[in-house]
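So the sequence lines, in the order shown, correspond to chains A and B.
Last residue of the first sequence? That's 456 in our numbering, and every number before it is there in order.
Last residue of the second sequence? That's 456 in our numbering, and every number before it is there in order.
If you are wondering where the hints come from, they were derived from the structure by calculation, not from laboratory data.
Heads up, some of the hints might be wrong.
Heads up, the list lumps identical chains together, so a pair's fine if it works in one copy or across two of them.
DMTMM-like cross-link-like pairs, simulated, lysine to aspartate or glutamate; straight-line CA separation at most 20 Å [what the hints assert, rightly or not]:
(1) K177 to E201
(2) K361 to D349
(3) K319 to E82
(4) K453 to E442
(5) K70 to E201
(6) K409 to E442
Protein chains: 2
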Amino acid sequence: MMQFAKRMEGIKASDIREILKLTENPEVISFAGGVPDPKFFPVNEIREITGLVLREMGGKVLQYNTTEGFLPLRQAIAARMNKAGMTTQAENIMIISGSQQGLDFSARLFLDKGDAVVCESPSYAGALSAFRVYMPEFIEISTDDEGMNTFELETALKTNDNVKMVYVIPNFQNPTGKSWSLQRRKDLIKLANRFSLPIIEDDPYGDICFGDEKLPTLKSMDTEGNVVYLGSFSKTFCPGLRVGWLDAASPVLQKYNIIKQSSDIHTNALAQAEIARYLELYDFDAHLDVINETYKKRRDIMLEAIDKYFPANCNHTIPGGGLFIWVQMPEPANSRDLLLKVLQKNVAFIPGETFYPNEGIKNTFRLNYSNVGESRIEAGIKTLGQVMKNTI
Amino acid sequence: MMQFAKRMEGIKASDIREILKLTENPEVISFAGGVPDPKFFPVNEIREITGLVLREMGGKVLQYNTTEGFLPLRQAIAARMNKAGMTTQAENIMIISGSQQGLDFSARLFLDKGDAVVCESPSYAGALSAFRVYMPEFIEISTDDEGMNTFELETALKTNDNVKMVYVIPNFQNPTGKSWSLQRRKDLIKLANRFSLPIIEDDPYGDICFGDEKLPTLKSMDTEGNVVYLGSFSKTFCPGLRVGWLDAASPVLQKYNIIKQSSDIHTNALAQAEIARYLELYDFDAHLDVINETYKKRRDIMLEAIDKYFPANCNHTIPGGGLFIWVQMPEPANSRDLLLKVLQKNVAFIPGETFYPNEGIKNTFRLNYSNVGESRIEAGIKTLGQVMKNTI
Chain A
65 MMQFAKRMEG IKASDIREIL KLTENPEVIS FAGGVPDPKF FPVNEIREIT GLVLREMGGK
125 VLQYNTTEGF LPLRQAIAAR MNKAGMTTQA ENIMIISGSQ QGLDFSARLF LDKGDAVVCE
185 SPSYAGALSA FRVYMPEFIE ISTDDEGMNT FELETALKTN DNVKMVYVIP NFQNPTGKSW
245 SLQRRKDLIK LANRFSLPII EDDPYGDICF GDEKLPTLKS MDTEGNVVYL GSFSKTFCPG
305 LRVGWLDAAS PVLQKYNIIK QSSDIHTNAL AQAEIARYLE LYDFDAHLDV INETYKKRRD
365 IMLEAIDKYF PANCNHTIPG GGLFIWVQMP EPANSRDLLL KVLQKNVAFI PGETFYPNEG
425 IKNTFRLNYS NVGESRIEAG IKTLGQVMKN TI
Chain B
65 MMQFAKRMEG IKASDIREIL KLTENPEVIS FAGGVPDPKF FPVNEIREIT GLVLREMGGK
125 VLQYNTTEGF LPLRQAIAAR MNKAGMTTQA ENIMIISGSQ QGLDFSARLF LDKGDAVVCE
185 SPSYAGALSA FRVYMPEFIE ISTDDEGMNT FELETALKTN DNVKMVYVIP NFQNPTGKSW
245 SLQRRKDLIK LANRFSLPII EDDPYGDICF GDEKLPTLKS MDTEGNVVYL GSFSKTFCPG
305 LRVGWLDAAS PVLQKYNIIK QSSDIHTNAL AQAEIARYLE LYDFDAHLDV INETYKKRRD
365 IMLEAIDKYF PANCNHTIPG GGLFIWVQMP EPANSRDLLL KVLQKNVAFI PGETFYPNEG
425 IKNTFRLNYS NVGESRIEAG IKTLGQVMKN TI
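In isolation and in its complexed conformation, chain A is listed as follows (with noise of 0.2 Å):
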């Protein structure tokens, strides 16, 4: 029998993803995916794009394209970011096949086997299996309201010299929905300055934010050039062409770059140009208004529900803006156990256990409401209210 790589040793198929089969029954009430909802994809608009773009371009945009991107992309994306606050230029900017594909990258450019990175305690899952990949150790750090708590970030880094990488979701963090405030973003930006760390800061919610103000990035913040910032459009756009983008001074890029030659050579460049092309021609923002109403009716609807049905000793996040709620029961309840119920009465969510990349905490789990319609939103919420009020 052919023999595999220790690595592999490590690696599960994700159980987020086990789940979402079962969930495709279309009686399931799904709050398990993290996904968009399709009627907001702009079909029509790519459909007409992808003529202009052919008929522009020819056999050019089907060629072999350079590694780091269609430029009128990543000068599109360079334009957006220095709007939001940033500062960078389309030479900053490489376009990957997908944020995750920024996650896998960072991981192989900054971990050795042994090493560290330190993570939000949950965090998101997707990331904690492209890093475990180069077989690291994970330091996770406590979350609370305000985001990650910087001064046991700071013990950390004092007393453990190998931590090479620090991953962080600071705006509508995926599992919680939690936004860190500006003092922890200011501490996070200090401490990686003094332990002189990448901090990977992955961004794929800031654009969904329900309130007026945003609060800045920690890629504006950073004049050492430690933030890698991942950017996405799966969440605003549409996630089935697989583009995002990484910004990084320019010796970190170049290292990425290497990195992206030998993986996949470049991203789909017919995707690239239909994306630079929507965002000279539509209005975007104007597409994110429209989504953002929805999503935030969604939230406030499954809030609303949560107040109504769910047991009084649960806590719950409110989250300003992104896809998700994070639910916590208390002690003894076990979030695999309920799920196994509520998945009797067509009913899913996504176990909390699967967020944490040591141990993980039993009592907790994750609610989307992106991609559910309104009604359905109240109906799953009595259900799996009523199952945990007989459960816990």
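Guided by the hints, dock chain B onto chain A, whose structure is given.
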């Protein structure tokens, strides 16, 4: 200053890509690339099909899709592979973001640091870069007109107990254009079975075949599930969409699937649907006939020009398909020095040294004929021959 992982020390930007940047000047007659001629890309067909797919599938094709890929495309690929003498099914096929991604994934799956990978000497430079990330030892096996020297391979496998993977390109190899004889293919399968070794069979050029008879793939001879077959649409359809595939026995494919999940979740779904529809609605084999006729003509012109203009003490291969001719000059000629000289006369090629994982042989180089117009082939080879006669 932030620290990079140790694996980055051995990884450099691709030589070839740096040279290709110099050849963007349209006055340069470039035999350097390994790219198909974009005039054959099905631009209009893709435009029509994209409209069709988006009208039929709507947002579904722009949503997150399954990691293994779009089922109708996997079915169409399985049908083509079966027609070509292999025995497979959609369940054994995973769609990847170009077959380059399959090289990265294969090294990730099979190679721990210090493990050995066996490859042909010389071999595809992009594969060597992809493997280097995982810090293996490279065992190069010499090749002759029948392909890899399998006697030498047997000795290597007997004397090295750290070999974990064999990487080969049996059809119209990059960089040499050589194809393996039937006997060598049989020998390799026997050795892989005897030593329980996975063979990565990279076959991007198999369909670019100038003769009538095709030799069976290793996949078609595999009875033990040791062969991982990598297929590509980049040379025959177009590279810009970044769609390739991987065929492996089920337990092995499951591992690749887990790797794909954490790498980029799935390959661009619109591109997958476009290619599936193309294979359904158009005659891909007729398309292959058209490009093969052209590339054969270009090969013939290049061979004729080589005979006419190159020094008589140079050897070269006569490829039966694919994109490349390999030239060996008498020692101590140095192809890097030659390149610098001919670049001044606006001709380019790739020095052979790039294609060796360990110490390279300096008197070889690779010529591409697929993306150079007929009249320019003769002119470029004439210039190259004149410089060679003055130099070596």
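Structure-based check of each hint:
In this homomeric assembly, K177 and E201 come within 20 Å of each other (Cα to Cα) both inside a single copy, at 8 Å, and across copies, at 18 Å. In this assembly of identical chains, K361 and D349 lie within 20 Å of each other by CA distance solely inside one copy; the values are 18 Å within and 52 Å between copies. Taking CA atoms no more than 20 Å apart as the test, K319 paired with E82 passes between copies only; the shortest distance there is 15 Å, against 34 Å inside one copy. In this assembly of identical chains, the alpha carbons of K453 and E442 lie at most 20 Å apart only when taken from the same copy (16 Å versus 82 Å across copies).
For the homomeric pair K70 and E201, the shortest alpha-carbon distances inside one copy (15 Å) and between copies (16 Å) are both at most 20 Å. Taking identical chains as interchangeable, the C-alpha atoms of K409 and E442 lie at most 20 Å apart only when both belong to the same chain, with a minimum of 14 Å there against 73 Å between chains.
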